[in-house]
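Chains as they are written, first to last, in our numbering: chain A, 74 to 396; chain B, 74 to 396; chain C, 66 to 401; chain D, 66 to 401.
In case anyone wonders, no lab produced these hints; they're calculated from the structure.
Just so it is clear, the structure is predicted and the values come from calculations on it, not from any experiment.
Among the hints, erroneous ones may be present.
Restricting the straight-line Cα-Cα distance to at most 27 Å, the calculated cross-link-like pairs of lysine-lysine (BS3-like) are [as the list claims (entries may be wrong)]: (1) Lys297/C with Lys255/C; (2) Lys122/D with Lys249/D; (3) Lys382/B with Lys183/D; (4) Lys104/B with Lys254/C; (5) Lys208/A with Lys183/C.
Chain A is nowhere near these chain B residues, computed Cβ spacing over 12 Å in every case [stated by the list, open to error]: (6) Ile180; (7) Tyr285; (8) Gly329; (9) Glu364; (10) Lys382; (11) Glu390.
Where a beta carbon is used, it is the ideal one built from N, C-alpha and C, also for glycine.
Chain residues, written in single-letter form:
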Amino acid sequence: MQYSQDGLLRAYRRMATIRQFEERLHEEIAKGEIPGFTHLYAGQEAAAVGVCEHLDNDDMIVSTHRGHGHCIAKGCDVKAMMKEIYGRRDGLCKGRGGSMHIADTSIGMLGANGIVGAGAPQAVGAAIAARAEGKGKVAIAFSGDGACNQGTTFEAMNMAAVISVPAIFVFENNHYSEHTGDKYAVATDRDIASRAKAFGMEVWRANGCDFYDTFETMAELLDHVRGSGKPAAIELDTERFYGHFEGDPQRYRAKGEVDRLREERDALKIFRAHEATDEMLDLAQLDAIDEEVTALIDAAVDEAREAEKCDPSQIEEDVYAAY
Amino acid sequence: MQYSQDGLLRAYRRMATIRQFEERLHEEIAKGEIPGFTHLYAGQEAAAVGVCEHLDNDDMIVSTHRGHGHCIAKGCDVKAMMKEIYGRRDGLCKGRGGSMHIADTSIGMLGANGIVGAGAPQAVGAAIAARAEGKGKVAIAFSGDGACNQGTTFEAMNMAAVISVPAIFVFENNHYSEHTGDKYAVATDRDIASRAKAFGMEVWRANGCDFYDTFETMAELLDHVRGSGKPAAIELDTERFYGHFEGDPQRYRAKGEVDRLREERDALKIFRAHEATDEMLDLAQLDAIDEEVTALIDAAVDEAREAEKCDPSQIEEDVYAAY
Amino acid sequence: MAVMNIREAINQTLHDAMERDPSVILLGEDVAGGAGTAGGQEAIGGIWGTSTGLIGKFGPERVIDTPISESAIIGAAAGAALAGMRPVAELMFADFIGVCGDQLINQIAKFRYMFGGKARCPVVVRLIYGAGMNSAAQHSQAFYNLLTAIPGLKVVLPTTPADAKGLMNEALHGDDPVMFFEHKALYGKKGEVPEGLHRVPFGHARMAREGGDVTIVALGRMVSFAEKVADKLAEEGIGCDVIDPRTTSPLDEEAILDSVEQTGRLVVVDESPPRCSVATDITALVAQKAFSSLDAPPECVTAPHTPIPFAPELERAYVPGPPAIEAAVRRTLDWG
Amino acid sequence: MAVMNIREAINQTLHDAMERDPSVILLGEDVAGGAGTAGGQEAIGGIWGTSTGLIGKFGPERVIDTPISESAIIGAAAGAALAGMRPVAELMFADFIGVCGDQLINQIAKFRYMFGGKARCPVVVRLIYGAGMNSAAQHSQAFYNLLTAIPGLKVVLPTTPADAKGLMNEALHGDDPVMFFEHKALYGKKGEVPEGLHRVPFGHARMAREGGDVTIVALGRMVSFAEKVADKLAEEGIGCDVIDPRTTSPLDEEAILDSVEQTGRLVVVDESPPRCSVATDITALVAQKAFSSLDAPPECVTAPHTPIPFAPELERAYVPGPPAIEAAVRRTLDWG
Ligand SMILES: Cc1ncc(C[n+]2csc(CCOP(=O)(O)OP(=O)(O)O)c2C)c(N)n1
Ligand SMILES: Cc1ncc(C[n+]2csc(CCOP(=O)(O)OP(=O)(O)O)c2C)c(N)n1
Ligand SMILES: [Mg+2]
Ligand SMILES: [Mg+2]
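Based on the provided sequences and hints, a complete structural model is requested.
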């Protein structure tokens with residue numbers, strides 16, 4: 074596949090932004106500065122970015138409770154996101170949503186979602202809208218290995234196939250739903266993708282810790298979907314570096330598991346290793362991006378901390394457009 | 074397969090009872106004597122009977138909105154059923170359930186159900202109870218080609234496989250869900266059974282208008298389930314002779330479709346044709362059964378008509394065991 | 066003005082809306098009917114007859130027959146709305162809200178608020194409801210109370226053909242999700258229907274009768290029962306205000322309070338069971354805000370705290386009817 | 066008597082019940098935790114810590130970790146109950162009733178009635194609920210009103226460790242489905258818990274305070290706020306009855322009416338939004354049945370008609386607190 078330097082740099086920047094965003098949140102949460110409970114996306118960067126680098130603002134995604142990565146990959150304002158997670162008044166959702174409910178419909182990010190499995194049917198609807206527009210746009214549902222067992226997800230796949238709309242089901246298999254392993258909870262004849270295939274869809278599989286593999290496989294998938302107008306699915310094998318939520322003691326992990334994953338399955342390391350043997354990028358460019366990202370995240374946290382808190386008098390705003 | 078004369082006669086009697094029960098209801102409903110709306114099972118007799126002839130009272134079934142056939146096959150009292158459908162006070166459910174809500178838990182009939190897709194998870198629970206009892210009993214969910222698209226049905230299959238319980242998913246594909254064809258509404262890579270197989274279950278297929286085929290295939294399936302304790306599924310290709318509900322104008326049918334089905338796919342005719350070339354039964358035995366069944370159904374209708382109506386003062390009974 | 070029944074009024078309004086606005090789509094089970102069959106398209110036009118003729122005009126990309134998957138139906142409507150469309154989704158029976166409850170109560174209802182006011186989700190969900198046809202416990206329920214309880218939803222109960230049109234048009238012009246409850250026993254009810262883009266604003270009750278002695282607030286099918294009672298009592302010189310709120314969320318509190326301030330007596334008639342019902346909601350409203358006007362204990366005429374029974378004798382006893390309403394009115398008048 | 070918190074009381078009660086009765090089983094997501102992982106079984110013991118230690122004692126056939134499939138969880142509980150067991154199913158957040166609503170409202174609630182009284186379905190559903198932890202709109206709701214509205218269900222809201230045990234034991238001895246709401250902010254609340262098979266009958270309120278001037282009916286977490294207010298006002302010589310109904314279905318109408326007959330003043334405190342809430346339900350009850358006793362308009366102190374916001378300042382404004390209760394009490398006293 075032909076990559077452009079700009080494209081690769083942009084992808085790396087997005088992955089680095091997700092990683093640093095989450096690593097930093099991990100620290101700030103430990104300090105007790107952030108309300109609520111938070112699910113970090115670190116480890117899965119190549120999945121979100123490998124998918125979303127193919128999209129523009131008219132393509133739509135629906136996300137999950139673990140949505141920061143999808144938001145950043147789709148282009149949400151990082152500082153506004155940070156403010157949202159801090160619960161500030163000019164957060165991306167005015168402090169009313171928080172970590173699990175970040176959205177920016179103006180760029181096709183239709184929402185993180187606290188209800189596991191709620192997103193897939195919504196992507197089918199977004200795909201109906203995309204079909205009606207007739208511009209070859211697609212709608213993507215991100216779901217986990219846990220969400221793939223929710224009835225809504227199956228219904229959505231069936232309906233998308235029945236009515237033939239450009240909905241794409243991206244299954245990020247990070248091998249855990251909360252404290253339960255995918256090998257227990259997902260009954261299959263082979264894997265999550267094969268269950269999707271049973272709906273008559275074309276399916277793909279890729280390494281969701283490897284940007285290139287995810288990106289290239291998605292290119293094939295999107296060719297198919299944009300060409301046929303039909304739905305498709307992809308299973309991404311990926312990893313979660315932190316607990317299910319911040320505070321999770323992770324007693325279900327094997328000893329040393331996370332260390333091993335950080336060694337062998339780190340999307341940023343894999344990207345760098347690839348570029349080290351490649352002519353496209355200079356590693357110094359990546360170092361420079363890392364620094365810029367650090368500055369951005371520092372500024373985002375500083376600004377979020379300083380930002381004005383929510384005003385209780387506004388509690389009843391925006392329940393309705395008009396009531 | 075080895076059949077006993079008694080067994081075959083019993084199976085025929087049950088099929089004939091279902092058929093005559095439903096044909097007679099069709100007439101009585103046209104007269105306006107029966108309240109509510111009613112879904113007739115005629116055409117699918119070999120499915121219910123081919124499955125239930127393997128069961129005894131400790132095995133459990135959950136049924137659908139089209140439940141009369143399952144009830145009769147499982148051994149519900151036919152006269153009490155008729156009274157229930159007429160809404161009489163000593164109907165099987167005291168006139169409170171009606172056609173769509175007939176149950177007799179004492180013989181393992183856990184209920185017809187007006188909500189499409191509600192039964193499959195309940196069969197998983199019944200299978201948990203069967204497993205706990207440890208006597209090799211099974212729990213069966215009947216579902217249609219429409220119900221197979223409901224999220225609950227998928228969840229149930231996955232959960233049954235995950236927790237490994239003797240739940241059996243019987244899909245009666247009569248090719249319609251209300252006015253919609255299965256070819257439209259069920260997206261698959263092959264058929265309903267293949268979707269079940271994607272959960273890692275063993276699956277079977279049979280002709281659900283042919284008692285022998287259904288019965289023999291179920292024998293294999295039950296060997297597997299009783300031996301392994303694992304769930305399984307079967308798809309039965311069958312036919313609906315009447316409308317979705319009584320009153321349905323059936324404009325979605327091909328011209329002459331029902332006539333052809335009654336000619337080629339009639340479970341009773343197929344049974345008779347089989348026995349005509351067989352040594353087991355004498356057709357006169359079947360004629361005698363037909364007559365006995367007619368007498369039973371006549372009596373059931375007469376008694377139901379005469380039976381005492383419900384007493385409004387009892388409306389608040391049985392909401393709770395104690396309140 | 067044309068005379069038509071509620072079924073026709075809804076059908077006509079949907080025709081007009083789909084013609085006017087290409088972003089209006091319809092989704093549901095058998096809304097066209099006949100997909101994937103030899104009999105072909107438009108076998109039925111919706112089992113209630115409310116979507117007749119639509120697929121012929123607007124095609125299967127806008128009139129979408131779905132599999133039996135209510136969560137996906139409402140979820141798809143939600144997603145399409147977030148993406149800029151105006152989906153009208155049909156729940157063949159309101160009883161099925163349990164099958165798709167999450168999309169109603171946690172998704173559609175909350176997007177605008179959770180997303181900081183920047184998302185719009187103008188889904189219209191048509192819920193066919195109500196007892197009276199011996200459809201038993203799972204096909205007869207009046208579940209508007211459960212959705213009235215949910216902030217972010219609007220809840221509408223048309224009782225005349227004109228209001229069916231006007232409230233549907235209002236729903237299709239607003240930017241909020243609307244739960245549009247259609248009583249199956251009212252579909253045949255006839256009346257005059259204004260031409261053109263007739264709209265009825267939400268939160269404005271209809272005074273079905275003015276009497277001045279007792280206030281009867283009646284919901285859905287109960288309105289016509291209350292009217293009957295009012296007409297009967299009028300002959301005895303007892304004047305009833307009959308208020309049809311038309312929408313329970315928003316609720317026209319003012320109309321109710323104004324009437325009670327004059328009459329001092331309240332009877333609320335509601336087809337739902339009593340607990341946490343719209344009847345108790347309105348009773349509590351009046352008790353709080355018109356306390357000193359009340360001259361007698363408010364009366365709730367509701368279904369009993371039971372599932373809905375099948376047998377005709379039982380179902381008749383279940384549904385509140387004119388005799389129970391009349392008795393309640395007389396109790397308030399005789400009180401003290 | 067042993068002192069423990071509500072979390073421990075529930076855990077202990079489940080241990081005892083499973084030991085005593087082999088038909089008691091537990092199902093839910095991560096009720097054991099760690100299934101199919103290298104870390105092995107009992108990684109967590111329920112994310113709330115209420116099922117700790119159970120899988121070690123009773124094994125995976127009775128303590129069943131499930132996939133994320135709430136409809137199948139509640140549906141399986143329903144089927145197991147019909148088949149003779151006593152399943153305890155956990156909904157990790159009460160907010161998820163939308164995902165499994167049908168099994169609750171159309172199945173479990175109605176079997177006994179629809180099937181002519183011959184089926185029993187003693188499912189206990191544990192619903193973890195409530196705001197106060199900045200869990201935002203989809204993980205904080207107090208949905209007991211929606212289930213109180215459903216005939217056939219019983220609804221329980223324990224507020225002390227002793228009641229948590231006693232009400233759970235009662236649930237596990239009855240033959241009806243019980244919706245057992247556990248407030249996440251109350252898990253750490255400590256108190257004395259009777260030994261043995263302590264049972265608390267449903268429909269019997271607890272008098273948390275006796276005062277005689279004003280009746281405060283408070284639900285769930287609101288009870289302790291009401292107690293605070295009562296204690297503060299007691300110092301001024303204002304006596305509050307604080308009634309903790311403990312179960313909203315059945316509701317101890319008598320306790321409430323008796324108190325209001327004496328005080329003439331009612332304040333209902335409810336964490337749900339106002340519409341079709343238990344607050345309006347109780348207010349309507351009192352308005353109807355204690356009309357002539359009321360000396361002032363009843364007061365409902367509830368959450369606003371909004372989804373639950375995330376930001377701490379907003380969530381604090383959302384949850385009814387002691388100041389709002391105190392103000393309502395004073396309004397009823399100052400009235401007229
Ligand atoms: C309907 C519903 N059930 C349960 C939960 C609680 N919950 C939140 S995340 C989660 C696990 C999700 O697993 P997966 O889909 O694999 O996503 P991951 O956390 O791995 O990103 C669970 C059970 C929920 N939020 N919604
Ligand atoms: C949840 C739910 N959705 C829709 C319906 C309305 N409905 C009743 S039967 C039916 C079709 C069922 O088709 P299938 O499962 O194939 O069973 P069949 O009628 O062919 O026996 C539908 C849509 C319902 N009762 N419940
Ligand atoms: Mg996962
Ligand atoms: Mg069918």
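Hints and how they fare:
1. Lys297/C with Lys255/C: holds (21 Å)
2. Lys122/D with Lys249/D: Cα-Cα ~25 Å, so holds.
3. Lys382/B with Lys183/D: Cα-Cα ~19 Å, so holds.
4. Lys104/B with Lys254/C: With a Cα-Cα distance of about 25 Å, the restraint between Lys104/B and Lys254/C holds, given a limit of 27 Å.
5. Lys208/A with Lys183/C: With Cα atoms ~24 Å apart, Lys208/A and Lys183/C stay inside 27 Å; holds.
6. Ile180: holds (30 Å)
7. Tyr285: Its Cβ never comes within 12 Å of chain A, the nearest being 29 Å, so this holds.
8. Gly329: Per Cβ check, Gly329/B is outside 12 Å of chain A; nearest 28 Å; holds.
9. Glu364: holds (46 Å)
10. Lys382: holds (40 Å)
11. Glu390: Holds, because the least Cβ-Cβ distance between Glu390/B and chain A comes to about 35 Å, which exceeds 12 Å.
The structure shown violates none of the earlier numbered hints.
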